[in-house]
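Residues per chain, in single letters:
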Amino acid sequence: MNLESFQTRVLPVKNKLFRFALKFVGSEEEAKDVVQEVFIRVWNGREQMNEVQNWEAWCMRITRNLSLDRIRSINRKQTHPIEESFNVQHEALTPHESTEIHESMQRINQLIASLPEKQRQVIHLRDVEGYSYNEICEILELDMNQVKVNLFRARNAVREKLMKINAYGL
Amino acid sequence: MLMDSNRIEELLSKYWNCETSLEEEQQLREYFKGGDIPEQWRETAALFRYFEENKKKTLNDVAFDAAVIQNVQPQKKGKLVKLFYNSMRIAAGIAVLVMAVWFVRKEVRDTTPQEVVDTYDDPQLAFEETKKALLMISKSFGTAESQAKKLNMFNEAQEEIQKKDKGKNSKL
Numbered sequence: 612m613n614l615e616s617f618q619t620r621v622l623p624v625k626n627k628l629f630r631f632a633l634k635f636v637g638s639e640e641e642a643k644d645v646v647q648e649v650f651i652r653v654w655n656g657r658e659q660m661n662e663v664q665n666w667e668a669w670c671m672r673i674t675r676n677l678s679l680d681r682i683r684s685i686n687r688k689q690t691h692p693i694e695e696s697f698n699v700q701h702e703a704l705t706p707h708e709s710t711e712i713h714e715s716m717q718r719i720n721q722l723i724a725s726l727p728e729k730q731r732q733v734i735h736l737r738d739v740e741g742y743s744y745n746e747i748c749e750i751l752e753l754d755m756n757q758v759k760v761n762l763f764r765a766r767n768a769v770r771e772k773l774m775k776i777n778a779y780g781l
Numbered sequence: 015m016l017m018d019s020n021r022i023e024e025l026l027s028k029y030w031n032c033e034t035s036l037e038e039e040q041q042l043r044e045y046f047k048g049g050d051i052p053e054q055w056r057e058t059a060a061l062f063r064y065f066e067e068n069k070k071k072t073l074n075d076v077a078f079d080a081a082v083i084q085n086v087q088p089q090k091k092g093k094l095v096k097l098f099y100n101s102m103r104i105a106a107g108i109a110v111l112v113m114a115v116w117f118v119r120k121e122v123r124d125t126t127p128q129e130v131v132d133t134y135d136d137p138q139l140a141f142e143e144t145k146k147a148l149l150m151i152s153k154s155f156g157t158a159e160s161q162a163k164k165l166n167m168f169n170e171a172q173e174e175i176q177k178k179d180k181g182k183n184s185k186l
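Chains as they are written, first to last, in the numbering used here: chain Y, 612 to 781; chain E, 15 to 186.
Keep in mind that the hints were calculated from the coordinates and are not lab data.
Note that the coordinates shown come from a computational prediction; the quantities given were computed from them, not determined experimentally.
It cannot be assumed that every hint is accurate.
Derived Cβ-Cβ restraints for the label pairs, each shown as a range [claimed, not checked]:
hint : chain 1 : residue 1 : chain 2 : residue 2 : range
1    : Y       : Glu-771   : E       : Arg-43    : 17 to 23 angstroms
2    : Y       : Ala-724   : E       : Arg-43    : 17 to 23 angstroms
3    : Y       : Asp-754   : E       : Ile-108   : 56 to 62 angstroms
4    : E       : Leu-97    : Y       : Ser-743   : 47 to 53 angstroms
5    : E       : Gln-54    : Y       : Glu-615   : 48 to 54 angstroms
All C-beta atoms in this analysis are idealised placements derived from N, C-alpha and C, irrespective of residue type, glycine included.
Could you build the full structure based on these sequences and the hints that come with them?
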C-alpha cells in the first residue's frame, strides 16, 4: 500500500476510530493521540493489511488495544461520561422542547456511561457505528455469543431505565 | 418516510431482543429522527437521537491528517536533523559529566588541607627567600648561642669550685 491509498482509504476512518477511542480514554486530546498512534501502527504494518480480511475492523481493534494500554498506563478508570454537550438542533422545536431533549440526551449519556465496559463498547459499535455482529466479534476479540449477550444486556439495561424515567419522570 | 406505529412497535420489540438487522435499526433511527413521536416513545426517541448525535462527533482538527502523513512518511532529510539532535544529546551528557567532576574536585580540594606547594617560579626570588629563611634560622641560633654562653658561666664556676676542692684534698 502506498501513501496515496493510505490517505484515501485508511485516513477517512479516523472519526470512527476517534469516537471509539473516546469511549475508553474520555478526553479528546488523549483520543486524538491514540488515533495518531493507530495510524502509525497501521502504516508500519501495511504489509499485513493485504492478509487482513476486514481492515477497518482491524484498525478498530488496534484502537481498542492502544486505548486500553493508555488507560492502564495512566492508571485511571474511565467512568465519567463524556463532558461535551450535544448540539441538538431541530428547526421545528420550541426552546422549551429543545431544552427537554437536551436534558434527556444528558440522561442517556449518563445511563450509557454507567454500563459495564464491554456492554458500553458493544452498544457503541452496534448502535452508533452500525457494525455487524461479525465485525464486533473481530474488533473486541469476543465470540458471537458474548457479543450478543453483552448487547442484549446493554439494550435491556437502557430500556429498563428509560421505562422508569417514563413512568416516574425521573 | 412515514411508518405506521404497529410496524415501529414490531421493530422496537425486535430491537430490544437484539433480533433486528442493521437495516431495520437504520429504519428505526430514521423514524425517530423526525418529529411527531408518540408520547410513549419519547425516551426511546431520545435514545436513538443520542446514537445519531454520537455519530456526528468528529475529530475536529484540520492539521490531523497532515500530522499523520508527516509521521508515517519515510524520513529523508530528517536524518541530518536527527544526527544533530543525537550529537547534541551526547554533548549535553558530557557537559553534565564534566561539570559534575569539576564540582566534586573543587569540593575535595576545599575540604582537604592545602599541601605544600612550590610558590616560586623565579630562581632568583627563590634564592632570596631561602636566604631569608636561613638568615632567620641563623639569627635565632645566634640568640641561642649568647644564652648558652651564660649557661657556660655556671660550668666554668663549677669547674673552678671543683679545682679548689681538689687542691684542698691534695693538701690534706
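Checked hints:
A hinted range of 17 to 23 angstroms holds for the C-beta pair Y/Glu-771 and E/Arg-43, which are about 21 angstroms apart. Remark: the range hint 17 to 23 angstroms for Y/Ala-724 to E/Arg-43 is upheld by a beta-carbon distance near 21 angstroms. Separation of Y/Asp-754 from E/Ile-108 is about 57 angstroms and conforms to the stated range, judged on CB atoms against 56 to 62 angstroms. Distance hint check: the CB atoms of E/Leu-97 and Y/Ser-743 are about 49 angstroms apart, consistent with the given range 47 to 53 angstroms.
Distance hint for E/Gln-54 and Y/Glu-615: a CB-CB separation of about 52 angstroms, consistent with the stated range 48 to 54 angstroms.
In summary, the structure agrees with every hint in the numbered list given earlier.
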